[in-house]
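Colleague: The residues making up each chain are set out below.
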Amino acid sequence: MSGGGGGGRKKKILPSEDHLDLVPLIDCVFLLLLFFMLCGRLSNDQRTEQITVPPTKTATKLNTEKDWSRVIINVFGNTKTTSGNTPPRNTIRLMAGGWSKEWRSEGVNNFTGYIKLREEMNTVWDKAKKYKDPKSGMDLPQVVCEIRADADTEYRVVQEIQMVLTDSVMVDPAEGLKPRAPTGAPKAFVYIDYTTRAPQGPG
Amino acid sequence: MASMNDDPGDGNLDLVPMIDCIMLLLLFFMMTTKFTPEEKSIANILPTDKGLVATQPSKVTPPQQVNILIYPAGFQRGFGERDYVNQLGALIKQSPNAIIQEAEIRVGNRPETLKIDVKILRQTPGPTLTKHVAEIHQFISQQLGPYEKGGADRKGQDPIVIQCFSSLSWQFALIAYDAVRSYEGGLSGIKPPFTPEKLLNMREVTFSPPRIRNYSEKELGGELFEILHSK
Chain A
1 MSGGGGGGRK KKILPSEDHL DLVPLIDCVF LLLLFFMLCG RLSNDQRTEQ
51 ITVPPTKTAT KLNTEKDWSR VIINVFGNTK TTSGNTPPRN TIRLMAGGWS
101 KEWRSEGVNN FTGYIKLREE MNTVWDKAKK YKDPKSGMDL PQVVCEIRAD
151 ADTEYRVVQE IQMVLTDSVM VDPAEGLKPR APTGAPKAFV YIDYTTRAPQ
201 GPG
Chain V
204 MASMNDDPGD GNLDLVPMID CIMLLLLFFM MTTKFTPEEK SIANILPTDK
254 GLVATQPSKV TPPQQVNILI YPAGFQRGFG ERDYVNQLGA LIKQSPNAII
304 QEAEIRVGNR PETLKIDVKI LRQTPGPTLT KHVAEIHQFI SQQLGPYEKG
354 GADRKGQDPI VIQCFSSLSW QFALIAYDAV RSYEGGLSGI KPPFTPEKLL
404 NMREVTFSPP RIRNYSEKEL GGELFEILHS K
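Residue numbers (the numbering used here), protein chains in the order written: chain A, 1 to 203; chain V, 204 to 434.
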């Protein structure tokens with residue numbers, strides 16, 4: 001308005017004009033928004049992404065049967081996280097419903113991780129639906145335990161986690177872990193999945 | 204100005220709050236979205252301590268099983284655990300978190316062994332990795348052949364136990380399990396995914412329970428001695 005001299009045509013091209021054309025911008029933004037809303041899965045994911053699982057050929061795609069639930073036990077190997085730090089090898093991480101628990105089990109005779117894992121699994125067992133196993137007559141939970149161990153996790157950690165899951169070990173303050181005394185019914189989980197990747201890549 | 208903004212009949216709609224909102228939503232989805240590749244899994248059923256109960260006492264027969272033995276490569280066979288403690292010392296002392304790079308795999312008391320290389324297994328998917336995995340699969344199926352019990356169905360075959368040295372990377376044990384699965388799958392015709400019902404009708408394949416819990420050099424040497432001399 002202050003310049004005054006120019007004609008109507010010139011004014012439309014000027015960027016300092018009051019009315020910026022926002023329509024293409026909004027179009028773009030809506031498209032992007034729609035894309036992310038449709039393609040993205042908001043993962044309340046129990047899987048921590050930086051673990052490199054070992055390669056295998058016979059594995060199949062994950063699926064959980066109806067009425068069964070899944071608990072994922074992440075175990076770190078020699079992995080760098082996306083934020084750049086390296087959690088200690090053999091760290092156990094359990095994630096569910098927005099919370100995450102992490103325990104270390106590295107080092108000689110460090111059994112804290114297994115003890116805490118068992119405590120957590122006891123609660124999972126108590127809450128889970130059960131079925132009667134025809135062969136052993138035991139009540140078993142309808143829970144698939146998925147061990148998502150890094151390829152470089154030490155084998156002994158996976159071994160111990162299996163023992164903890166079947167509830168065949170107990171904790172002795174003096175001796176650490178030892179075989180469970182045969183009293184009371186064990187709170188065992190027997191169906192276990194191991195997460196792996198395909199050697200030839202996706203497809 | 205205030206009257207201009209409040210008036211809905213005005214030609215100029217105030218787009219700023221809407222764009223603010225949309226940008227926020229966009230930013231939220233961009234930051235929280237994860238495009239995860241589908242992962243695969245391999246299933247197993249663990250025995251429990253009340254497993255199969257024999258209905259009547261049967262003849263006592265020594266348990267027959269086929270061991271798949273996995274241990275660090277390059278060990279000289281010794282006469283006792285001390286020989287292994289010395290050899291292990293060098294390997295472990297490098298660093299407590301050192302990853303053992305090469306392992307050897309053997310089935311029962313067969314003389315043949317195969318070397319497995321961590322460096323190849325760690326590679327991103329590709330032909331080298333596929334080839335190495337195929338080699339391991341082929342080796343296991345060749346070695347398991349002589350242990351077939353004629354006349355028995357798959358479930359009646361001797362159970363397979365994977366005995367892996369406890370300080371090795373977990374992928375060695377899993378790749379052996381995978382190879383056995385592939386061998387059994389081929390012979391039984393049962394196709395994945397393996398549900399609990401299917402697994403109960405297949406040959407029993409398990410990972411061995413821990414042999415030691417105190418990971419001192421002496422105990423590790425003892426474990427290695429046991430694994431190397433198993434049949």
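Source of the hints: derived by calculation from the structure; they are not laboratory data. As the structure is a computational prediction, the values presented were derived from the model and not from experiment. Keep in mind that the hints are not guaranteed to be accurate.
[To be verified] Pulled a few chain A residues facing chain V out of the computed Cβ check, cut under 10 Å: (1) P24; (2) C39; (3) P55; (4) K57; (5) A59; (6) N78; (7) R93; (8) K101; (9) R148; (10) I192; (11) Y194.
[Said to hold, decoys possible] Simulated restraints on C-beta separations: (12) T52(A) <-> K421(V): 27 to 35 Å; (13) P314(V) <-> T52(A): 32 to 40 Å; (14) K322(V) <-> D21(A): 26 to 34 Å; (15) D21(A) <-> F231(V): 22 to 30 Å.
[To be verified] Below, simulated PhoX-like cross-link-like pairs (lysine-lysine); rule was C-alpha separation at most 25 Å, straight line: (16) K61(A) <-> K116(A); (17) K187(A) <-> K101(A); (18) K135(A) <-> K434(V); (19) K334(V) <-> K66(A); (20) K322(V) <-> K66(A); (21) K394(V) <-> K318(V); (22) K187(A) <-> K129(A); (23) K187(A) <-> K401(V); (24) K61(A) <-> K394(V); (25) K401(V) <-> K130(A); (26) K101(A) <-> K127(A); (27) K66(A) <-> K129(A); (28) K135(A) <-> K318(V); (29) K135(A) <-> K116(A); (30) K401(V) <-> K132(A); (31) K421(V) <-> K434(V); (32) K334(V) <-> K352(V); (33) K132(A) <-> K358(V).
Idealized CB from N, CA, C, for every residue including glycine.
Colleague: Identify every previously stated hint that the structure contradicts and give their numbers, smallest first.
Modeller: 1, 7, 8, 14, 16, 18, 19, 20, 21, 28, 29 and 32
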